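Novice: Chains A and B are the protein sequences, given in the same order.
Using numbering that gives the first Met the number 0, the first residue of the first sequence is number 0, and each one after it goes up by one.
Using numbering that gives the first Met the number 0, the first residue of the second sequence is number 0, and each one after it goes up by one.
Calculated directly from the structure, the hints in this document are not laboratory data.
Not one of these hints is a red herring.
With a straight-line Cα cutoff of 30 Å, these simulated DSSO-like cross-link-like pairs (lysine-lysine) come out:
id	chain 1	residue 1	chain 2	residue 2
1	A	105	B	215
2	B	235	A	5
3	A	215	B	82
4	B	290	B	271
5	B	271	B	49
6	B	49	A	3
7	A	151	A	82
8	A	332	B	235
9	A	27	B	27
10	A	235	B	332
11	A	3	A	27
12	B	5	A	27
13	A	49	B	27
14	B	5	A	235
15	A	208	A	82
16	B	82	B	125
17	A	105	A	330
18	A	125	A	290
To give a feel for the contact side, a few chain A residues facing chain B, derived at Cβ under 8 Å:
id	residue
19	22
20	36
21	191
22	222
23	245
Nothing here was measured: the structure is a model prediction, and the numbers come from that model.
Glycine is no exception: its CB is placed at the ideal position from the N, C-alpha and C atoms.
Protein chains: 2
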Amino acid sequence: MTNKNKPYRLRLPGPTAVPERIRMALAKPVVAHRGPEFAEVMAETGQLIKPLLGTDNDVMAFTSSGTGMMEAAIANVMAPGDKALVLVNGHFGERFVQIIEALNLKADTLVAPWGEAVGADELAMKLRDDDYRAVIAVHNESSTGAVADLEKIGSVVRNSDALLVVDSVSGAGGLELQQDAWGVDVVVTASQKALMCPPGLGLASVSEKAWSIIEKGAGQARYCWDFRRAREAAAKGQTAFTSPMPLIYGLRESLRMIHAEGWTNTLERHRKLSSALRAGVGALGLPTFTKCPMLSSTVCVFEVPDGLDGSAIVRHLYETRGTVIAGSRSKLKGKVIRVGTMGCITDEDIRLDLEQLEGALSDLGWAVEAA
Amino acid sequence: MTNKNKPYRLRLPGPTAVPERIRMALAKPVVAHRGPEFAEVMAETGQLIKPLLGTDNDVMAFTSSGTGMMEAAIANVMAPGDKALVLVNGHFGERFVQIIEALNLKADTLVAPWGEAVGADELAMKLRDDDYRAVIAVHNESSTGAVADLEKIGSVVRNSDALLVVDSVSGAGGLELQQDAWGVDVVVTASQKALMCPPGLGLASVSEKAWSIIEKGAGQARYCWDFRRAREAAAKGQTAFTSPMPLIYGLRESLRMIHAEGWTNTLERHRKLSSALRAGVGALGLPTFTKCPMLSSTVCVFEVPDGLDGSAIVRHLYETRGTVIAGSRSKLKGKVIRVGTMGCITDEDIRLDLEQLEGALSDLGWAVEAA
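Next comes chain A alone, as it looks inside the complex (with noise of 0.2 Å):
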C-alpha cells in the first residue's frame, strides 16, 4: 500500500489540485436533479461560464470525460460521407483524427511539427481547395504546450461553409477565449483543468451558425451525446440525462472564485506565473520546447537535454519530494517534462516547483550552471 503520509503535490497538466472550498462543495446534500433547487445552482453556474468562453451561447453540460466531449462535437456536427479538416499539432489533434475514424467518418489533416501551431494562410489554402463540415482544432496542444490562433484561424473558418470546432479542454479557465468574437461555432471543454474542479464534467457551446447544421439531423448516430436534447434540457435548467451534480456544485464554486478573483486577473496570473516557470526552468538548463507565437499560460513544456531521461525526472521528483508532474505517454517520450500552470497555483507553487526541480536535477547528477 502507498504511504498515506507522504507529502503529495499535483502538478500535472490536468488533472490539477482542487481547491479544498470546491472539494467541500461536492460534497453537498444531492437534491432532485430536475427540482427548483438544483436549477437555482444550473442557472447561475451557465452565467458564471459565459464570460470565461467568451460566449452569449447556453452552455450545456453532460456527464462526460474531454474526450467524450470531443467525440460529442464529432458526432453532433459531421453526418456520413462528411470530411473533416483537423490541424494537427500534437497528442490531441492526433486523437481527433482517430475519434473521426472511429466514427466512421472521414478526417484530412494539416500538419504542422509538435511544438509550433497549423498556420492560418495555410488553413486558407486548404479550404479554398476542399469542402470540410468542419475545421477541428485544439486550443491548447498540452502535449506541447502551443496555443492555437483562434482568432485568425476563426476569421478564415467564418468565410466558408466549415464549422469550427475547438477543443479547449486545457484552455478555458487559464487562456483567452473570445468564441463569439472570433467565431468559434462549437467549444468543448471539461472541469479538470482549469476550471479546478475533479475530472466528470464536459461543457460544450454551439453557435447558431452550428446549430443550423446540427438541427438538420447531421451527425445521427448518437443518443446521450445529442446538443439537440441537450439544448432543449439546458433551456430548462436542466441536463437531458441525470445531472452528475457534485461536479456541477463544484463548477459554480469555481466559477465563483474566478469571479471574486476578476477574470482577467485569473488570466493575467496564468500568464505570469507560466512565464516565471519557463524562465526559472529555462535557467536550470531546460529550455522551452514549444516553438510557436503564442505559448500556452496553462502548462509548460520543457526539453530534457541529452544524457537526462524525463521519464526519470518524472519518477525521481515523485519518490522523492511527493510532487507529480508529466513526462509524455505519446513520441515525446523521455524527451520533455510538462508541469501544469493552471487553476490554482500560486506564486509558492511556482517556487516550490524550481527549488524542488533544481534538486531533483542535480540528484540524477545534471550540472545546472549557475544562472
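Starting from the structure of chain A, add chain B where the hints point.
Specialist: Relative to chain A, chain B alone:
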C-alpha cells in the same frame, strides 16, 4: 431563491440520498489518475463490486450517466445491420428502443403491459423464429416497479447466439443479480441508485461470450465507450480516459458500507423495507401498481385512486413536508406515485414516508379508511 432552511428529504427512485460518509469521500484530494495511489482505490473498488453483480468479470468504470451506459452497451455489441430484441414493459425498455434507433440499428420488441414483465416462454418462441444479436432487458423497470426474471430469461438466451444485455441501473446494489450464474452477457449500472453515490459514474461487466463479439469489432461507431479500450485500461487499474475520481472514491466507500452490513443483509433490508412501504401505503388506500410476480425492492410504485392526481400528491408532499417523491414522466403521469426504497434507507424513512403521505392525502381531501 428557494428557502435554504426548509427541510428536505430525497425519496426519489434515484438519484438517491447520499450518506455523509460517502459525500465526505467525494471531497478527498484529487490525485494523479494513473498513479499508484489511485490504482489502489480502483483495485479495491473493482473487487468489492463483484459480489453485487454476481460476477468474476473485471468491472469497467466510465464517466457516464445510466443512459450513457445503456447506449454504450448497444454501441459495443451491435454492428450495422444487426437487430436486437428489446423486452419492453416500461419507460426504460422504450428508451432502449429509442437508443437503438438513434444508432441506426434495428429493434424488435416483445411488449408486456406496464407493471407486468415479459415472460421467458414468449421470448423462447421469438428466439426460435428470428435471429437477434442481442436480447435487451431492464432488470428493474423503475417506471413501474417490475423486476425481470433474469434467471429464466438467461436460461433461454444462453441457448441462442444472442447476447443478453441487461440494464440494472436501478437494480444493482438493491436487488439480487447473478450475472455469471444466470448467463447475463452485459450488465450496465450507474452510481446514483442503490449504490448510494451521486450521478456521474457508469459501470459495465461483460461476459466471455460478449467479448467474442465485441473483439471482432462489432459496433464500430464509438470511441470513448469502446469496451475494448476500457478493458485494457481496467487490467491496469485505470480507466481509458480521465477517471471521475470523486465518484470512484465514493463508490469504494459505498461498497465498504455494504460489505460491512453484509451483502445479503443489504438485500434483505431492501426487501423488508419495500414490503413494509407497500403494505403501509396499501392500507392508506393506494394499491401497488406492479402486477408481475417479482416486485422491486428498490422502488415502490402506487396507483393513485380516481379523484386524486399523482402530480398533486408529489407537489404537496414537497411543498408542505420538503419530501421529494416521484410521479411519472411518461404515460402514467398523474396516475402513479413512485418512492425509492434503495440505498441508505432505514425503518425510520419508511415510518416518515407513511406518516407524511397519510398527512398529505388527508390535506388533499382523501378520506383514508381505517386500516
